[in-house]
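Going line by line, the protein sequences match chains A and B. For the first sequence, the tail end lands on 433 under the working numbering, and the numbers increase by one without skipping. For the second sequence, the tail end lands on 808 under the working numbering, and the numbers increase by one without skipping.
For the record, the hints were derived by calculation from the structure and aren't laboratory data. Since the structure is predicted, the reported quantities are computational estimates derived from the model, not experimental observations. Glycine included, every Cβ here is placed at the ideal spot set by N, Cα and C. Possibly wrong hints are sitting among the right ones.
[Said to hold, decoys possible] To spell it out: a stretch of chain B is covered by chain A in this simulated footprint if at least three of its residues, at any positions, have a beta carbon under 8 Å from a beta carbon of chain A; those stretches are:
| id | region |
| --- | --- |
| 1 | 709-716 |
| 2 | 736-743 |
| 3 | 794-807 |
[As the list claims (entries may be wrong)] Derived, one-sided and incomplete: chain A residues facing chain B with beta-carbon distance under 10 Å:
| id | residue |
| --- | --- |
| 4 | Pro62 |
| 5 | Leu63 |
| 6 | Val90 |
| 7 | Ser91 |
| 8 | Glu92 |
| 9 | Tyr117 |
| 10 | Thr157 |
| 11 | Met244 |
| 12 | Asp330 |
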Amino acid sequence: MRRTKAFTLAAILAAAAVAGPLADGYVFDTTVPSAGGCPQPDRWGLSAVGPLSRQWSTSLPLAPPTILSVAAPQTAAQVSEIQKAISDSFTAWSGVAGTTFNAAAYPGMLAPIAQVSAANSCTNDSQSNVDGLNTICFNQTSEGFTSGVLAFTRVITANSPGVSVGSSATATFAGQILDSDTLFRNDGQATFATPAALATPQGAGAYDLESLLTHEIGHWFGLDHSAVWRAMMFPYAPPPGQFLGSRPSAQVPDGPLADDDRTGIRALYPDPNDSVNVGEIQGRIVPANPFSIATLPAASTGSYVTGIVGAHVVVVDSDTGSVIAATLGGWTCNSSNPPPTFDGTYDIQRLPIGHNYMIYAEPLDGLVAPGDFSVALNDICPSEAATPCTTPNLATTFNPRIKPDSATGANGSRQRFSFTPK
Amino acid sequence: MQAIRKLAAIPILVLIYLTNGAATTIEKLSIEKMAGLAHAIVRARCISVSARWDRGEIWTFTSFQVSETWKGQAPDDLVVRLLGGSVGSLTSTVAGIPRFRPNEEVILFLQQTSDGDFTVLSWEQGAFRIGRDRRTGTEMVTEDTATFETYDPRTHQFSATGMRDTSLDALRARVRAAISQISENEP
C-alpha cells in the first residue's frame with residue numbers, strides 16, 4: 012500500500028526558474044563524504060584569487076613520435092602549436108555562457124598555462140605526486156595503461172572539508188577537486204595530431220589532439236562521460252583524421268561542444284547572473300506495472316527501490332530537434348537522511364527558458380540485471396561509504412512510464428511529451 | 622527542514638556506439654581483437670575490494686575467485702589492479718575504469734602489466750557482468766561499456782550497443798572461436 016501510494020504521489024514534474032541548490036543532473040562524477048551523507052558532484056572551488064592552475068610538460072616522445080605537428084619536432088614552434096591546442100581546449104569550456112568559468116563574465120578563473128620540462132610531471136614514485144598542479148603529460152608512462160587506452164585523466168577530490176594536496180587550495184566541501192592530471196599514451200601505439208597537422212596527409216592516421224584534450228579537460232572540470240552521441244563528453248572521439256563539432260573561434264569559442272556539454276558545465280558551475288539558462292525539468296520514471304517490483308524489500312532507509320534506476324533521459328528542443336541535455340535517472344538523497352534511495356528521479360537543470368522540450372527516455376525493456384547498474388552505482392553507493400547504502404535489486408523486467416500520466420501513452424517504450432518551462 | 626536534494630546523476634562509464642571511432646580514453650576493440658590481446662580470459666566472482674597508495678597513485682585492488690579460464694593462465698585467487706579509488710580523505714577518479722562489488726560474477730579479459738600485475742584489458746571494454754534471466758534461468762552477460770544505451774540525436778533513438786543481454790554461452794563460443802582462429806593463423 013505504501014509503495015502504491017508512493018507511485019501515485021510521486022508523479023512529479025516541475026519546472027521553475029530556479030537558482031536553487033547546487034545543480035545536480037547530467038553526468039557528473041560524484042564523491043561520497045567520508046563522514047557520510049549524500050554523494051556530492053565533483054567540482055572545483057575556484058575564485059579569481061584561487062584560479063585553476065594549468066601546466067603541461069613539453070617533453071614529447073621522439074621514437075616513435077606521438078605528437079604530430081606542422082612545426083618541426085623539438086622546436087619552439089612545435090611547442091607553440093601544441094600550446095595553442097591546449098589553450099583552445101580550455102577555451103571551449105570557458106567560452107560557455109552562463110557559467111562562472113566563462114572567461115568574459117568571470118575573467119581570471121583560469122591561470123595562465125605554464126610549461127614544465129620534466130617528462131614525469133604528472134606522476135612520480137611517491138605520494139607527493141598529487142601536487143595540486145594540474146598537468147598534461149605526453150611523455151609519461153603509467154601502469155594504468157592497457158591496450159586500447161589512449162589517454163586518461165586522473166581527478167583527485169577531497170572526501171571531506173579541510174583537505175589539501177601539495178599546492179592545492181584547502182577543500183571547503185566534499186567533492187572539491189584538488190588535482191587533475193591528463194596522461195596521453197606514449198608508446199607509439201597511437202599518434203595525436205594538432206589541428207594543423209590533422210589537415211595534412213600524415214594526419215589521416217592520427218587522432219585529433221584537440222578533440223581528445225577538450226574531452227579530457229571536461230573530466231578536469233568534473234564531467235563524466237555522456238551517453239549522447241556526438242557530445243564532447245561522449246567517450247568515443249571521431250576516427251583518426253577527423254574532429255568533433257567545429258574548431259573554436261573568437262566568435263564561437265565553445266564551438267567544439269554540444270549543448271549537452273554546455274548544459275552540464277552550466278549545471279556544475281552556474282552563473283548566478285544568468286537569466287537565460289534557468290529552466291529545470293524534474294520527474295520520475297517508474298515501472299508501468301508497479302507490481303513488477305513487488306518482490307523488492309519494503310521501503311526503508313537506503314534499501315528501497317520505487318523507480319527505474321539508470322534510465323537515460325534526454326531533453327530535446329522540440330523546435331530545433333537539438334539535444335539540450337541528458338542525464339541518467341534516478342535516485343534522490345535527502346541530505347538530512349542519507350544515503351540515496353532509488354526512486355527513478357531525474358532532474359535536468361540549466362535549460363534555456365522560452366523553449367518547448369520533448370523528453371525521451373531509454374526503454375530499458377528486456378532483462379534488467381543488477382549487473383547492468385552496479386558499475387554506475389559504485390560511485391553512489393561505494394562499499395567504503397560511512398553511511399550504509401544498499402544498491403537496488405533490479406533482477407526483473409521493466410516497462411517504464413514517465414510521470415506524469417499525461418505523457419502520451421502509458422506503457423510505450425519511448426514516451427514523450429511536450430513541456431515548456433516557466 | 623532541509624531541502625531534499627534531488628540527485629539524478631549516475632556516472633556513466635563508457636558507452637559503445639557502433640562506429641569506427643575510438644574513445645577519447647578507450648579505443649574501440651572487438652571481442653575478437655580483445656580475445657587476441659588478452660593474456661587471460663576468466664570467469665570470476667568478486668571477493669573483496671580495497672584501495673591503497675602504491676607508486677604515487679591510488680589503486681584499487683579487487684580480489685576474485687576464478688571459476689573458469691577461457692584463455693591463458695590466471696591464479697585461482699586473482700587480484701586485479703586498476704587506477705583510482707578512495708583512501709582516507711582523498712578519492713581518485715578515472716573515467717572508464719570498471720569497479721566491482723563483492724559477490725558479482727564477471728567475465729574478465731585480462732592483461733599483465735610489466736610488473737606482472739593483472740589489469741582489465743581496455744578497462745570497461747574488458748569487463749562483462751553476468752546476470753541470469755529470471756524467466757529462463759539463462760546466464761546473460763552485459764559489457765560494461767554497454768550498460769547504458771546511447772541516444773542518437775539524428776534519429777531520436779536509443780541504440781542497444783555493445784554486448785548487452787547476450788547469453789554467456791554465446792560470448793564463450795565467440796571467444797573460443799576467436800582464440801581458435803588466432804591459433805590457426807599463428808606460424
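Numbers of unmet hints, in rising order: 3, 4, 5, 6, 7, 8, 9 and 12
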